[in-house]
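Asker: Protein sequence lines correspond, in order, to chains X and B.
Here the UniProt record's numbering is used: the first residue of the first sequence is 1, the next is one more, and so on.
Here the UniProt record's numbering is used: the first residue of the second sequence is 1, the next is one more, and so on.
Since the hints were made in silico from the structure, they are not lab data.
Worth double-checking, as some hints may not be accurate.
Said to hold, decoys possible - Heads up, simulated DSS-like pairs for lysine-lysine below, C-alpha to C-alpha not over 30 Å straight-line:
#1 K682/B / K520/B
#2 K840/B / K289/X
#3 K832/X / K842/X
#4 K390/B / K694/X
#5 K605/X / K520/B
#6 K520/X / K520/B
#7 K842/B / K842/X
#8 K682/B / K694/X
#9 K842/B / K696/B
2 protein chains.
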Amino acid sequence: VDLPMKNMYTDEGSPLYPRLGPYFTDGRRRVDYVLAYQIQKPNSIRRQSSKFSDNNFIRRLRRSMSMRSSRAPLQPKEDPEIAAQKQRTDYHEDDKRFRREEFEENLLETGLELEKDEGSKIPGIGFLKIHAPWDVLCREAEFMKLKMPTKKVYEVKQGSNLVEKIRLFIHKVTTPLHPKVDANRPQSVKSLSHPFSREKQHLKTSIPMILILIALLYCQVYEVLKRTRCTRAKYSMGKTSAWITSLLANGVYTSAYPLHDLLYEQWASYSVFYKYQPIGLIRKYFGEKVGLYFAWLGVYTQMLIPAAIVGVIVFLYGCATVDDNIPSMEICDPRNNITMCPLCDHACSYWKLVTACGTARASHLFDNPATVFFSIFMALWAVLFMEHWKRRQMRLNYIWDLTGFGEEEEVRQRFQVTCNDEKVKLTCTDRMPAYLTTVVMMSFMILVTFAIVFGVILYRISIKAALHMSNYPVARSNIRATVKTTAAIINLIVIIIMDEIYGAIARWLNTLGEVPKTDKSYEERLIFKTFVLKFVNAFTPIVYLAFFRGRLVGRPGNYLYVVGSYRMEECAHAGCLMELCIQLCITMLGKQLIQNNLFEIGIPKLKKLLRRRKSDMEEEVNKSLQRHEKDHILGPFVGLSPEYMEMIIQFGMVTLFVASFPLAPLFALLNNIIEIRLDAKKFVMELRRPIAAKAKDIGIWYNLLRGLSKVAVIVNAFVISFTSDFIPRLVYQYMYSLDGTMHGFVNHTLSYFNVSDFQPGTDPLQPMHLGYKVDVCRYKDYREPPSSSAPYELSKEFWAVLAARLAFVVVFQNVVMLMSDFVDWLIPDIPKDISLQIHKEKILMVELFMKEEQGKRLAARDNHNQDNCTSLPSANQSPAQPRSDSYPLASDQFLIIGNAFAVFMVCGNICRN
Amino acid sequence: VDLPMKNMYTDEGSPLYPRLGPYFTDGRRRVDYVLAYQIQKPNSIRRQSSKFSDNNFIRRLRRSMSMRSSRAPLQPKEDPEIAAQKQRTDYHEDDKRFRREEFEENLLETGLELEKDEGSKIPGIGFLKIHAPWDVLCREAEFMKLKMPTKKVYEVKQGSNLVEKIRLFIHKVTTPLHPKVDANRPQSVKSLSHPFSREKQHLKTSIPMILILIALLYCQVYEVLKRTRCTRAKYSMGKTSAWITSLLANGVYTSAYPLHDLLYEQWASYSVFYKYQPIGLIRKYFGEKVGLYFAWLGVYTQMLIPAAIVGVIVFLYGCATVDDNIPSMEICDPRNNITMCPLCDHACSYWKLVTACGTARASHLFDNPATVFFSIFMALWAVLFMEHWKRRQMRLNYIWDLTGFGEEEEVRQRFQVTCNDEKVKLTCTDRMPAYLTTVVMMSFMILVTFAIVFGVILYRISIKAALHMSNYPVARSNIRATVKTTAAIINLIVIIIMDEIYGAIARWLNTLGEVPKTDKSYEERLIFKTFVLKFVNAFTPIVYLAFFRGRLVGRPGNYLYVVGSYRMEECAHAGCLMELCIQLCITMLGKQLIQNNLFEIGIPKLKKLLRRRKSDMEEEVNKSLQRHEKDHILGPFVGLSPEYMEMIIQFGMVTLFVASFPLAPLFALLNNIIEIRLDAKKFVMELRRPIAAKAKDIGIWYNLLRGLSKVAVIVNAFVISFTSDFIPRLVYQYMYSLDGTMHGFVNHTLSYFNVSDFQPGTDPLQPMHLGYKVDVCRYKDYREPPSSSAPYELSKEFWAVLAARLAFVVVFQNVVMLMSDFVDWLIPDIPKDISLQIHKEKILMVELFMKEEQGKRLAARDNHNQDNCTSLPSANQSPAQPRSDSYPLASDQFLIIGNAFAVFMVCGNICRN
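The shape of chain X in the complex, shown without the other chains (with noise of 0.2 Å):
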């Protein structure tokens, strides 16, 4: 039964699945997992030869870089105290030549089988090669209770005669968007999966089989790897489950992969971009963890086509209405002689309103009746999205088996590597320091982001007075632009690099002191901590414009000022929106491409680059190395953190502050068509090939998508009602405007200011500048008149606006959440046809279960009366043999013992019956 799977597992030239990469030296054994080590040369040798002392400084390199806690014995750096170092040196060294040997011995226990290669082309570097043989595959598969597809298979529904129809024509009008790869047929019959089972494997079905166990190596090798023990190792630890990457942290190994073995032209080509990613593929290649963070990706990327869509329609209204905008017209048209107050005391003078006719049209573009709708929109495009995500994330499980993998299987211990005391409780009072360091250090943090913001801030207040100040008028003209967009790129550069800064402060922050227990709390604090940090540097800016700038200014006449002589800044004529807008698109664009060329093609490359020099000048030995050498000299896989953080914060762009800026999503959809293929680069060509990770969902991303969604709506809200002008229009319209149009707006929102008013040395320097004196001036407030018994107190009118815009916030806050609770209930979790074909598959391991009981039953009457299981052939005789996982296995061997296996199995069960 079971002697295909053996056969295709040795055989090297399996037409159905291709020769599988390097081999022991031996040519059948497949390397199936690589450890490196430094080779302890006598120390003469070492340092006679140049080459050697050069290489000596990358590996060292490599190694600072391969391993993040930096307490291993350190290596002398120069050369004093030579004799005292090198008897360390050397005492470390067979420290860990003994660990390694013993940590050998131990995989060769557990039924691995190692091949050392130490006369590799890369000098200096030892590699272990590790084969897996077929029996601790097994053994693994059913410890880890892989589900495996069984023989059993059934017929997936399709739905009613017209939905699959429609299914059908959509995948007929798709399919030059899906890669040219089996996976992604649409299949009409399923097998049963089952958790593997060494007694049970007559169920199995052989050809699937082989496939997922195969794709599922590394992660088997990888847990028995972490299962053994090394005693010798110096410090004992205790149950520990991890002890590879304490090995590895100690520098007894440098670095531990599988190794590439296939690249993808479906998929990591930018000439695919259109194309849907082949999904299962990659699972296959890099393991769950991966393969939901591309599905992740792909999803919203599909996702941002339609708000793309109706981001650029809203903005086209706005283009096609800017000419019917009443407020505007009225702003533009020259017969309303209305004279403003001066911006600012002494050095400004009186201003014509129709000045601002060029920001006032430029404002309507992005402050229209067509934003609020689209904000709206957003917001449940957000929901949406997450529930998509949702529902493809769950049909994702489904697919790869994964629905009865629990959330346990991640608990390990991480910090094992770092300390003896791991088994000295850490009670609050030893916590404490730690917390209230990272507490402080985030909190330092972030107002020093405050300081940076409040610094440009300063800066663009100082520009614009010293440019008001100057006697050049074409200087004058240009003041706004060149402020404006200073300022904007100082901000882009200083986010960009606190990024990374933020980054590091993050990860120290995060090994400070407050040991997390298990890889997943440290690695989401980590996240947590970044999160915080560079959103806070993102959106700060962009805060500070949408709801600060412009609102303390005072009045003509009282200005108010900060630190001195700085005046408050203030906005255009037209509202902040204009600005925010303009700021949003530098960051995000800016931000993109810097980020996209710079960090994420660039330096990857000039690593890659560093890193070959030595190699480049032996370019001979680099053609002929090995798979194991050359995938050596690749960067280490370092998470996909990076990668999630990028897109989150990228998703707070989109959603945060889309009231003020439509064409967001249409520039997050760009750049993510290019993102998706760079990653794919960067993960197939520069970095080594991760061990596959399992998961069943993206975890703390989720949450941290969840709860921008959230403060989205509550932002957006703000953004409506308080930066735009949409509400003080509507309430004109309806609570002022005799005729019920927009008519009179403009001089609505406008005061009266008697210039007599002016208190000493704040009136103008030059009154007589617009060539007439000017008794009452005008601006934009909604203040009682000079000859109000309270003149320039806040008039009724200003607060029946901000009634309105808060009971505006009120009700958009709740209508939308209300929504988008209601899409939530709306849309089921599970999608419909994956629920159904739960639900078939438990009824078929009922039948199949309920099956086997009757036959065991019927079996068991029959031996009843035969009542003897000797008079059996004598192939059953030797049922030991295939469990003997100890002996080294060559491949003509697995014939024999799968054939004995088989024989064994069959009989056995009919024994036991």
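Dock chain B against the given chain X, drawing on the hints supplied.
Answerer: Positioned in the frame of chain X, the structure of chain B alone reads:
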């Protein structure tokens, strides 16, 4: 190895487990389950005996109660067309008997053992007693993947010393509160759980397993019943998994129930009201679903204690500060001689503000700053409650070994019983009418509720008007009290009556046509519909009082009228909060008292009485009734929905309007202490023992609770800012008060009205009522004085206060939501000790597995030399015995078979290796 288990299972007087209820007539096999059916007596006999025909009525009644779907063939009601009816009946009865016979055959095939008891003392009813032998239990346990404790035990780490000491201290202090059962003792060792497997039985420990198996017995037997087919059943239903449901619905059997076998003095008694519940025992007796309900109820009641305490403190604070409250002092001060405008046109007259002194003082009890604190507290309390429950649920899941139990188990066909066309795929168009009916009916019902509330309002208005008109001063002085009390009582009665009606309507709507696919979905739909209707019903009068009453009343001289001459209701001078409080109090107390006493105690007692009416005549028979006959008299178990629903509505009362009624938690607490024991009594004494249903969580109820606690935040924000006078007071204090105190607040809230501005016909009939001529009167509103340019328009103060109110809503809502999310995030869902234990278990499992593997390999090496398993003793030659489930196994046989099985297991394991 297994001997003690088998022994105990059949032994009658084991010291460990007491005699477990009734047995088959052989006195050895336990009755595990009972199916009841009607015996087909010859028609003549039935017609002859009056006793029987009387009994027939009860039988029919019972059937119509126990069957939800009433499509079963109708029984003849009276005597017309006797012949045809008789024939039909005969045909049906024969059909049923055939199907019963086939079903019983199939049951025997599955290995169950049956005994018929048609000569029971309840005439006309036959009983089919079912016994599940040991092997069937084991098979089912394996199939259901029940987790069983193994022999492997490990020490539970009790945290650090200090934590441990505190825990011990708390346990010592609360000892009298714990029920006197073993299960609740804190254990220092826990045994490892593993899915039950017959092959690995040597892993298992003996004693707890038998207890658990027996506890889960009913569940397992029910599983078998569900699976057993009855192909002769009238409607062939494809692949179904709940045949028993259809047999019940078609009247083949009248009822199916396991037996009550224990009563819990430690639980179902009012005398233990102060104790914790023995949740472990409840779960063992009733199954996880009921266990979770009582655990939830316990957690809720427990959490109500702090809420009640804080509520009482807040109330006492109100009482204590009532004399220091400046606004009410000002109102009560006779020196403030303020003349108020008439409260209605024409009929009413001027009045003195000082007469409102009483209500103003009373209002302060519920309208003070402590209330704001309390509603924030309660919002957080709700979140804490949810979190606490999540953790408790997680802990129970762990203790009950449900962590691996997937949700898919729940997917069951339900409506197979109703139609042959189960296979006919219902498309959207088919479902549309049902959906439409549901929506229309629901809307109509909600409208009816609104209409009723409006009717009560009209009643209130008209009575008030009538009393105003009357000339008896006594009547007039009692106006408010009379009207309020009668209206509130009418509301209460309407609510209680409509509650029942709405429950029935929801049930009807749910069966209407939108055929749901699973039991769970059916139940959830029903719950959702019932919840919406009952919620609207209970809260509409309260919402009206809180947010609509007294809002649109107009102003003196220009009062608003509805439906001709009915003036809109106004609140008392100090706001509606007081009336809201009275309404809440009456609704809550009345609902709880009436529903508890009448519906939960009275009606079940009445029903039981009715059911026993016949049996009472045969008192002497009753005494000698067997357990299964006694249980047959009890009412069927109809699910937990009514209990949950009651609690959810109460939870709504406690959280939604808590700002207006801080004593609500106290009342709820008092009610729940009784409720727990009441429900316990009902479940143990009044109802048949339900099938132990498995459940991991409380399902849709959790979502409803979560939804309510979200709504509570916004509702409380509105109650504080709009219903109470909190915001106007704050605004006055910080914006208008001259000395920063509340002095002058009352004056500030009153606007001026010039009596000359009364429109003709609206001026008071008795202008000289107060004894002097009034020129200017005051009314409570923020409007411009008569001297203003826009007299009686809303003033600037109005808009300022409105803005402040809305700002408060925005701030309150977002702050509380943020705090809730923070608390949610801060408290891990899985308690730390549980996650540690899970981790520990995982490591132990790995070790166990590896040890086993190693043992196998060692054995394999040995066998390699020995190469023969025939040399083992001959005891392993009869391994088939224990699987012959179909042979009736008497208890004395068990010993032998168990012995043989054990030897076989040991030998088999060796042999296989």
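Asker: Tell me, in ascending order, the numbers of any earlier hints that this structure violates.
Answerer: Of the numbered hints, 5, 6, 8 do not hold.
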